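Chains as they are written, first to last, in numbering that gives the first Met the number 0: chain H, 0 to 253; chain G, 0 to 631; chain Z, 0 to 240.
The set of hints was computed from the structure by calculation and includes no laboratory data.
Careful, some of the hints might be misleading.
Stated by the list, open to error - Between beta-carbon pairs, the in silico distance windows are: (1) F603(G) / E92(Z): 35 to 45 Å; (2) G222(Z) / N188(G): 53 to 63 Å; (3) L85(G) / Q84(H): 52 to 62 Å; (4) E74(Z) / I136(G): 39 to 49 Å; (5) A145(H) / L321(G): 29 to 39 Å; (6) E92(Z) / A67(H): 27 to 37 Å; (7) G64(Z) / T590(G): 55 to 65 Å; (8) L85(G) / G64(Z): 34 to 44 Å; (9) E125(Z) / S143(G): 53 to 63 Å; (10) G229(Z) / G63(H): 35 to 45 Å; (11) G129(G) / E74(Z): 48 to 58 Å; (12) E92(Z) / R221(H): 26 to 36 Å.
Unchecked claim - Below, in silico cross-link-like pairs of lysine-lysine (DSSO-like), each with a Cα-Cα straight-line distance of 27 Å or less: (13) K270(G) / K467(G); (14) K187(H) / K64(H); (15) K322(G) / K64(H); (16) K27(H) / K187(H); (17) K299(G) / K165(G); (18) K184(H) / K215(Z).
For clarity, every value in this text was computed on a predicted model and none was experimentally measured.
Even glycine gets a Cβ: it sits at the ideal position worked out from N, Cα and C.
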Amino acid sequence: MSVLTVNSLGKSFGGVRAVENVSFEIGKGEFLALIGPNGAGKSTTFNMINGQLAADTGEILIGGKSIAGMAPRDIWRLGVGRTFQVAATFGSMTVVENVQMALISHASRLLNLWRPAASLYRERALELLAQVGMQDAADRPSRELAYGDVKRIELAIALANDPQLLLMDEPTAGMAPRERNDLIKLVKQLVIERGISVLFTEHSMDVVFSYADRIIVLARGRLIADGDAAAIRDNAKVREVYFGTGKTFQGASS
Amino acid sequence: MTLDAFLFQALNGLSTASGLFFIAAGLSLIFGVTRIVNIAHGSLYMLGTYIAYTLATKIGGAFGFWGGIVLTALFVGVIGAAIEMLLLRRIYRAPELFQLLATFALVLIFNDMTLWLWGPEDLLGPRAPGLAGAVEIFGRRLPSYDLFLIFVAPAVLILLHFALAKSRFGRLVRAATQDREMVGALGVNQAVLFTSVFALGSLLAGLGGALQVAREPANLAMDLAVIGDAFVVVVVGGMGSITGAYLAAIIIAEVKALCIAIGVVDLGFIKFNASKFTLVAEFIVMAIVLIVRPYGLLGKPQGNVRSVAEPEAPIRPAAPLLKAFAAVVLALLLALPVVAQSSPYVMVLATDILIAVIFATSLHFIMGPGGMHSFGHAAYFGLGAYGAALLLKSAGFPMLAALLAAPAVALLGALLFGWFAVGLSGVYLAMLTLAFAQIVWAAVFQWETFTGGSNGVIGVWPTAPFNKAWVYYLLALALAVISVLLLRRFLFAPFGYAMRAGRDSALRAEAIGIDVKRIHWLGFAIAGGICGIAGGLFAFAKGSISPEAIAVGRSIDGLVMVLLGGIQTLVGPMVGASVFAMLQDTIMRQTEYWRGLLGCVILFLVLAFPQGIAGAFSMLWSRFDGKRGGRA
Amino acid sequence: MSAPMLSVDGLQAWYGAAQILHDVSFNVGRGEVVALMGRNGAGKTTTMKALMGLVARRGALRFNGADISGLRPFEIARQGLGFTPEDRRIFSELTVMENLDIGRQPPRRFPGGQPAPVWTPQRLFELFPNLGEMPNRPGGRMSGGEQQMLTVARTLMGNPLMVLLDEPSEGVAPLIVEQMASTIIELKKEGLSILLSEQNIHFARLVSDRVYVLEKGEIHWQGSMAELSGNLDIQRAYLTV
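Extracted from the complex, chain H is given alone in its bound form (with noise of 0.2 Å):
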């Protein structure tokens, strides 16, 4: 079974079709990356599946599991991390408390008056973090680090709850290259080792043919092309949407 279906989605804005009717699915361990151009509907799709935008048709099911209706913080209680592309932590605690929160919260327990946080789940929030080689930065406060290693605590936190799917809004916007390899390297082994499905959208287009085991593309709100890299390189719809013809360029120039 996949562990995420998405059938006939669509989504309108104030008239304006922003998704429509958009169909794939994701299998276990399975690496997709989702491009296309600006205004393509990729963050439309994405923040559909992660909940925060309410689907207009079509649905969405996460092992199984319709999400009509799911608030964000549901959809993550079934097994679904996700960082974000401006990456985000909560600034005034320090690395490892910020895993802890995400661990605490697994554990439902939130509500917990009494306890001092700072003790709860310690050691797994160590782990965690030296998966993702931050061991060390643990007891920084999370506002003094560099952005690469805040989208490393990132995903520490996002495989708190033991995901079965990851989802990654432009993992390496904003990183130096080198940074960005290691990143992505570090997903990809993750998908490996752990059986995680991730569907990340990325604009670096190296990653993406390098990586990505599978790639669906998007453009003006329809999915257009469904394939591995040497299938969308070789598409010609693909590359006249995305890639443009590059004649009017030389028509400007002379």
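Got chain H; can you put chains G and Z on it based on the hints?
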């Protein structure tokens, strides 16, 4: 109750709505462009009535009245422009909490200025020349002036609407409401735009106030009474929507008018007078609107602006030094009754300070770690105080039981109000909490049979052994220590962490399964409950409780205490409360105009430390650190 | 060459406590198209915002002979420096015509005395025919490409001597990108100076005369567009992955 009487009251409501519309439209317009919620807008309205009274009586005749109204509106517009240029211009970049405080300081100053200029008596203006009569309508006599008011509001609405739609000024206002920085980058002088919008908004408030001159007496309570109503209207109509303000003003005024029209209701098993519940009805309308449309009838969703300040440092358990210091302070406080045996006044002041500490610490709990800037914490103080007093007097509770029930009453109130408040953020939350506090205040004020109205509840004295000042002081000390330690414990527990997580990044918190609204709601309730302890202690310390003690001034006192001590530290509110309570005590003994003086102190603090007092200290510290060769 | 239209010396800029620009110096001549290149986060947008006075800044900034380092954003715009932000910042509740009206400023002259091009909605609709088809459409109901055209048109309504174009090719359809390129060439012909922030070397190559390469808030390389086109090492080090 006849249909005619009903319709007559509805007409009455329409004329009341016009005043509400003017002030709410001005408030909404100013907020849209400058993002400042002008709490002093009610003061401008009040000034309008007073100035129009003076012009109408001193000049007299048709010119004094009608010309006076126009002159008043223009003059209040000029006052508004002056406020913008002299004060607000300096604090546009300051945290919004400071902006709110600054405009509240103006409320205090204007109120004392009005007292000084016009005296404490209510002043009723003359009848409107030319409209002094009444028309027979639905079998009753409606003053012609009221009929005139019914038509003024929609006329001004249409005028405003066209000005906004068709003029360049209107286009600039609409553009700046969306993105004022971009308007500036396109070559538009924002300062001029802001000043003119502020002047226009103030003019509307002044006009609204001036038009009331023949209808109700000018009095010193108008400013806060009307701003509370205006907030409700703006929240119901939708922030930034002029048409929404009109619609909401009509709805609110009509609901109130209908309550009066219904009068005494006899349901057989219970009998109550609906005309005494106008404010409760207003609250119910607001609640319904907010449930159905969280941004008001015609409002649009706004970005999340709950916290703009830099995140504070991670919290750590108290260091040994701090623990030792706390132990020494506690020992000194325990020894105080022995030291101060000869001076009973010291015990009274010390008890006041302990009450302030509980009040400020509970407010800080939601303001700091929760990021919810409540401008109505007095509500829970009042619920605690009245809860204890009424349980003692009406239900015959023994003193200790009544005192212990105080936090329970406040908790229930905070659960109810908090449910609505946490749905909003930033200035919306501030306005709504202030409106709730006004409702509590008005309810105890209006519900004379139960609460004693303006006289309050008297004879709330503690029983032996607490009737001795020093024993009562020790009781207050015990409750203060328990309150502070409890809140501290909560902050270090998962709950406190989750509350901070929701404040730091609501999006991220939701994405790891935290129900931010629920957590903040419970935090709000806890803070309200603890605040109720302060209220209960206050009632027994003074032997009485009256509406005056739980008015909006107390909410603002709390804010000043928290800011004074520094919002980013856990010890801050205790220090701030102690300093403030002592200061207030000294100032109050010096002058009748202490509110105005307090306003000046707040203005000074806001202008001198626009980044917050705590921010100023940490800046000084980093400079000092830099000089020592620490950080670069 | 006469005095440059814009000269920047030792520009530093901050977002809150974080220093984004450390030492940025460059100049743009009259009628010249200069590209500011570099990766995401290199400081291109911050440079533009610092020039407009929209972020905290320090450094010597001269535009059209005047010191603009102490001026506020609206004063800088009134000197004839136009700014089109990367995120477009269209007034979504205002129509196309109303958006254009917000940008309106009186005509002005170049230093030598000859008049700078004067823009009217009519002329702009010739430049961007799409906009001419929807004068009464609210900005919020337009596509990304149409908004991109509107943001440029709105800036031109101020009759600027120089325009700061922040990533005009970002996130718009190839057709619009091509139209943007021809617009830039058109504006250059009219005598305007242009500072272009760009990541896409193909686009920059079409329109720019000179290039400054930014990295971590400092200028790391400068030269003509032709030199950069031939220098694969620099491209690899600072522009591509």
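Outcome of the hint check:
Range check, F603(G) to E92(Z): Cβ separation about 39 Å, and the 35 to 45 Å hint holds. Between G222(Z) and N188(G) the Cβ separation comes to about 40 Å, which falls outside the hinted range of 53 to 63 Å. L85(G) and Q84(H) have their C-beta atoms about 43 Å apart, which leaves the hinted 52 to 62 Å range violated. For the pair E74(Z) and I136(G), the beta carbons lie near 58 Å from each other, so the given range of 39 to 49 Å is not met.
Here the CB-CB span from A145(H) to L321(G) is close to 32 Å, well matched to the stated 29 to 39 Å. Look at E92(Z) against A67(H): about 32 Å separates their beta carbons, and that is inside 27 to 37 Å. Checked against the given bound of 55 to 65 Å, the beta carbons of G64(Z) and T590(G), roughly 57 Å apart, stay inside it. A beta carbon spacing of about 35 Å between L85(G) and G64(Z) agrees with the range 34 to 44 Å that was offered as a hint.
Separation of E125(Z) from S143(G) is about 59 Å and conforms to the stated range, judged on CB atoms against 53 to 63 Å. Look at G229(Z) against G63(H): about 57 Å separates their beta carbons, and that is not inside 35 to 45 Å. Between G129(G) and E74(Z) the beta carbons are some 50 Å apart, a value that agrees with the proposed interval 48 to 58 Å. Checked against the hint of 26 to 36 Å, the C-beta distance between E92(Z) and R221(H) comes to roughly 29 Å, which is consistent with it.
Only pairs whose Cα atoms come within 27 Å are accepted, and K270(G) paired with K467(G) is rejected, the gap being roughly 43 Å. Pair hint K187(H) plus K64(H) holds up; C-alpha atoms about 26 Å apart against a cutoff of 27 Å. As the CA atoms of K322(G) and K64(H) are separated by approximately 52 Å, the hinted pair breaks the 27 Å bound. For the proposed pair K27(H) and K187(H), the alpha carbon gap of about 13 Å is at most 27 Å, so the pair holds.
For the proposed pair K299(G) and K165(G), the alpha carbon gap of about 22 Å is at most 27 Å, so the pair holds. As the CA atoms of K184(H) and K215(Z) are separated by approximately 24 Å, the hinted pair is consistent with the 27 Å bound.
Hint violations for this structure: numbers 2, 3, 4, 10, 13 and 15, all remaining hints satisfied.
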